[in-house]
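J.: Chains as they are written, first to last, in the numbering used here: chain A, 5 to 217; chain B, 5 to 217.
There could be a bad hint or two in this list.
Copies of one chain are not kept apart here, so a pair can be met inside one copy or by any two copies together.
With a Cα cut of at most 35 Å, we get these calculated DSBU-like pairs of lysine-lysine [as the list claims (entries may be wrong)]:
1. K197 with K138
2. K29 with K147
3. K147 with K28
4. K113 with K29
5. K140 with K203
6. K147 with K72
7. K45 with K140
8. K138 with K110
9. K140 with K29
10. K66 with K110
11. K28 with K140
12. K88 with K140
13. K73 with K138
14. K110 with K147
15. K73 with K147
16. K198 with K138
17. K140 with K113
18. K72 with K45
19. K138 with K28
20. K197 with K140
21. K147 with K198
22. K102 with K203
23. K203 with K29
FYI, nobody ran anything at the bench for these hints, they're computed from the structure.
Number of protein chains: 2
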Amino acid sequence: MRIPNHIGIIPDGNRRWAITQGLKKNEGYNYGINPGLHVFKLCKDLGIKEITFYGFTTDNTKRPSIQKKAFIDACIRSVELISKEDSEILVLGNISSKSFPKELIKYTKRNIFGKGGIKVNFLINYAWEWDLNKLKVADCNLKNILNNIESNDISRIDLIIRWGGRRRLSGFLPVQCVYSDFYIIDDFWPDFKKEHFNKAIEWYNEQDITLGG
Amino acid sequence: MRIPNHIGIIPDGNRRWAITQGLKKNEGYNYGINPGLHVFKLCKDLGIKEITFYGFTTDNTKRPSIQKKAFIDACIRSVELISKEDSEILVLGNISSKSFPKELIKYTKRNIFGKGGIKVNFLINYAWEWDLNKLKVADCNLKNILNNIESNDISRIDLIIRWGGRRRLSGFLPVQCVYSDFYIIDDFWPDFKKEHFNKAIEWYNEQDITLGG
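Okay, chain A solo, but in the shape it has when bound:
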């Protein structure tokens, strides 16, 4: 079976899930923490080398402050939870804005936790414009654009899995995703099930990979 090297996770639908449970929108994010640990462990068991979680974007921070606090807290706890596992964590985002949580500053250079063995990237206060804007001072050519953007320590993504039914990237790593295969799960992220992940991996195995050729 052909396993992706790098999986991108778009954990969408926390607020919509909360509404279905009779909760307030901001209460949904808390239920998205354990699914992250679960999918991390599944990736690790399968020998996947790198995983990137779409935490939150600078666009997201324009939401009501009670929601903003809730998703930032959930992101902090998610990073801390996975830092207790064997992993190599990088938190990437615009640290020069107030919306970047100070608790995560120490993760903004890649650190090895335990025995390491799997790269885990969290996009925190990320913006695609911020990522690409670094190119304007780059000494790059057509072949090394990926090495000259802010997210240069995040490799090309093979498979993107998005929960919550939307079929879009929503600004997720535009350069790393140019050739990615895109798998959509209609269930909301807090309803994560092992079967979602397994179906995505089986589907990926059936795709031909041409990298644009």
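On the provided structure of chain A, position chain B as indicated by the hints.
T.: Same frame as chain A, but now just chain B:
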């Protein structure tokens, strides 16, 4: 009904379709020309303001030369065919390489044909790296990246429709597609039907548009 301003068309599956018809792979492209005119007319009837066709990429030009000749010829004929309609055509791609067809040079600045009224972009010998690489000499900021890439005359895309079942961008306009909704049709492009298009438009109408917010 909410109609997209700008639709991206990824007309994939010409070679796979040819095989299903007992033809050689290179013979499929010829059957992808009329579907382009058809989808153009449907867009026009619906009041869509801009349409972008993914012609071919510099990656594609590494294919066997008989295929390369076939898809380049099909692209030339497609542009010429639509230039007989009321349209505002732009052909965009790397003209400094030999793979750029000289017949299309005259379309590389936007020209109005007939009464104009709908922008039609063709990506010809396009490469996402070439597109983004222009940023390195740009005087841009976080808010005007789109104005400083090679494809700056192509606006943000609302809806991408891809034929041929693959669920990926394959390098298609990474900046314009950061927020695009993505609709996949399993049929191959030469099997284009009006119903494909109508279903995509109906599906788009049901999506919420947040532009990352």
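J.: For each hint, tell me whether it holds in the structure or not.
T.: Structure-based check of all given hints:
1. For the identical chains of this complex, K197 and K138 are neighbours neither inside a copy (38 Å) nor across copies (43 Å), given an alpha-carbon limit of 35 Å.
2. For the identical chains of this complex, K29 and K147 are inter-copy neighbours only, at 30 Å across copies versus 43 Å inside a copy, given an alpha-carbon limit of 35 Å.
3. For the identical chains of this complex, K147 and K28 are inter-copy neighbours only, at 33 Å across copies versus 47 Å inside a copy, given an alpha-carbon limit of 35 Å.
4. In this homomeric assembly, K113 and K29 come within 35 Å of each other (Cα to Cα) only inside a single copy, at 32 Å, whereas the closest approach across copies is 48 Å.
5. In this homomeric assembly, K140 and K203 never come within 35 Å of each other (Cα to Cα): the closest approach is 40 Å inside a single copy and 40 Å across copies.
6. For a Cα distance limit of 35 Å, the shortest separation of K147 from K72 across copies, 22 Å, qualifies, whereas the shortest one inside one copy, 38 Å, does not.
7. Taking the closest pair of Cα atoms, K45 and K140 never come within 35 Å of each other, the shortest separation being 38 Å inside a single copy and 39 Å across copies.
8. Both within a single protomer and between protomers do K138 and K110 lie at most 35 Å apart by alpha-carbon distance, with minima of 22 Å and 34 Å respectively.
9. For the identical chains of this complex, K140 and K29 are neighbours neither inside a copy (39 Å) nor across copies (41 Å), given an alpha-carbon limit of 35 Å.
10. Proximity of K66 to K110 under the C-alpha cut-off of 35 Å is restricted to the intra-copy arrangement: shortest distance 25 Å within a copy versus 45 Å between copies.
11. With identical chains, the CA atoms of K28 and K140 are never at most 35 Å apart, being 42 Å at best within one copy and 45 Å at best between copies.
12. Proximity of K88 to K140 under the C-alpha cut-off of 35 Å is found in neither arrangement, the shortest distances being 38 Å within a copy and 40 Å between copies.
13. For a Cα distance limit of 35 Å, the shortest separation of K73 from K138 inside one copy, 28 Å, qualifies, whereas the shortest one across copies, 38 Å, does not.
14. Taking the shortest Cα distances, K110 and K147 sit within 35 Å of each other both inside one copy (31 Å) and across copies (29 Å).
15. For a Cα distance limit of 35 Å, the shortest separation of K73 from K147 across copies, 25 Å, qualifies, whereas the shortest one inside one copy, 40 Å, does not.
16. Taking identical chains as interchangeable, the C-alpha atoms of K198 and K138 are never at most 35 Å apart, the minima being 38 Å within one chain and 43 Å between chains.
17. In the homo-oligomer, the alpha carbons of K140 and K113 lie at most 35 Å apart both inside one protomer (23 Å) and across protomers (25 Å), since each shortest distance falls under that limit.
18. For the identical chains of this complex, K72 and K45 are intra-copy neighbours only, at 27 Å inside a copy versus 45 Å across copies, given an alpha-carbon limit of 35 Å.
19. Proximity of K138 to K28 under the C-alpha cut-off of 35 Å is found in neither arrangement, the shortest distances being 38 Å within a copy and 45 Å between copies.
20. When the C-alpha separation of K197 and K140 is checked against a cutoff of 35 Å, the pair qualifies neither within a copy, at 42 Å, nor between copies, at 43 Å.
21. For the identical chains of this complex, K147 and K198 are neighbours neither inside a copy (37 Å) nor across copies (40 Å), given an alpha-carbon limit of 35 Å.
22. Proximity of K102 to K203 under the C-alpha cut-off of 35 Å is found in neither arrangement, the shortest distances being 39 Å within a copy and 43 Å between copies.
23. Within a single copy, K203 and K29 get their C-alpha atoms as close as 28 Å, and across copies as close as 31 Å, so both meet the 35 Å cut-off.
Violated hints, listed in ascending order, are 1, 5, 7, 9, 11, 12, 16, 19, 20, 21, 22; each of the other numbered hints is respected by the structure.
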